[in-house]
Amino acid sequence: MTISILLIILGMAFVTFVPKLLPFISINNEKLSPKVKGVLNNIPFAILGALIFPGVFTVHTDIWVGIIGTAIAFLCAYLRLNVLIVMLCSIGSIVLYLIIP
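Sequential numbering from 121 applies to the sequence shown in my numbering.
Don't read these hints as lab results, they were simulated from the structure.
Among the clues, some could well be false.
To be verified - With a Cα cut of at most 27 Å, we get these calculated DSSO-like pairs of lysine-lysine:
1) 157 / 140
2) 155 / 140
3) 140 / 151
Based on the provided sequences and hints, a complete structural model is requested.
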């Protein structure tokens with residue numbers, strides 16, 4: 121491994137670690153309002169949705185595969201089913217759609 125590759129890896133580690141460390145340093149013992157806590161708690165779900173949703177339309181040559189799987193997953197999640205059940209229902213619906221002509 122050359123020194124330039126090592127420096128690149130260390131630089132990437134630094135720019136990944138610093139944004140995760142700054143909130144802990146800046147908000148040490150301050151109390152957050154319930155509204156701010158609610159927003160911060162929902163950020164991971166929003167990011168996950170933004171990452172997954174575009175793939176719904178490009179997952180298969182047939183666009184309905186992604187739409188059906190997503191619709192079933194949303195329905196099961198809305199019914200507050202276990203995450204494993206949500207995934208199994210979504211995958212099962214896609215399999216049924218693909219096997220049944």
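Structure-based check of all given hints:
no.	hint	in the structure
1	157 / 140	holds, 17 Å
2	155 / 140	holds, 21 Å
3	140 / 151	holds, 19 Å
Against the hints set out earlier in the document, no violation occurs for any number.
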